[in-house]
Amino acid sequence: DSGVTQTPKHLITATGQRVTLRCSPRSGDLSVYWYQQSLDQGLQFLIQYYNGEERAKGNILERFSAQQFPDLHSELNLSSLELGDSALYFCASSVAPETNYGYTFGSGTRLTVV
Amino acid sequence: GESVGLHLPTLSVQEGDNSIINCAYSNSASDYFIWYKQESGKGPQFIIDIRSNMDKRQGQRVTVLLNKTVKHLSLQIAATQPGDSAVYFCAENIHPTPLVFGKGTRLSVIA
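Taken in order, these protein sequences are the chains called R and H. Each residue of the first sequence is one higher than the one before, counting from 1 in the working numbering. Each residue of the second sequence is one higher than the one before, counting from 115 in the working numbering.
All clues stand as given, with none of them false.
Short, incomplete list of chain R residues facing chain H, as computed with Cβ under 10 Å: (1) Ser2; (2) Tyr35; (3) Gln41; (4) Gln48; (5) Thr104.
Hints listed in this document are in silico derivations from the structure and should not be mistaken for laboratory results. Where is the CB? At the ideal position from N, CA and C, for every residue including glycine.
Required output: the full structure, derived from the provided sequences and hints.
Have a look at this one:
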């Protein structure tokens with residue numbers, strides 16, 4: 001157990017729907033990162049939060065949004081889902097946003113859009 | 115498992131042999147590099163890191179080499195074991211931006 005908890009582990013939904021993925025960071029970590037992993041891609045950075053504030057944005061679609069709550073857990077909201085959104089979504093956490101000590105990843109949420 | 119479906123280059127190695135996994139990184143300004151291992155059904159797991167002021171770092175059975183001249187990173191695994199079978203990703207970072215991951219290499223250990 002890495003200490004980063006992601007729920008749900010699996011999610012199957014229809015096109016056009018909206019889903020919410022949840023992440024609880026490792027105890028003591030203030031920064032949360034969301035990554036997408038699809039068949040032909042490595043890990044694509046989506047967005048980063050630190051202590052409740054958005055810190056950096058990557059290749060995140062406008063249909064996707066995220067937030068980090070006061071208790072530091074984070075949610076990734078995916079709306080108007082398309083077949084191409086089917087992927088593994090990983091959350092990672094680190095102590096601070098400027099850390100150069102790597103991230104701890106959760107086990108991911110597998111999203112299947114049908 | 116989750117990583118099985120990825121379309122990745124594959125390295126097949128006999129059990130007991132040494133493995134070398136290569137990575138070309140993209141940004142000459144990157145100052146920190148990490149190798150991650152992703153086993154089926156799990157998230158990426160930290161293996162070893164190296165900073166740009168070093169060219170070699172050793173861990174337990176693993177060595178990372180950094181060649182900044184050609185922007186190349188390699189991971190050497192000594193005496194490869196079946197448990198080493200996984201997808202390996204290199205990641206680079208320019209402080210303080212988030213880690214950027216390479217596409218990954220699948221290591222298959224033949225018993």
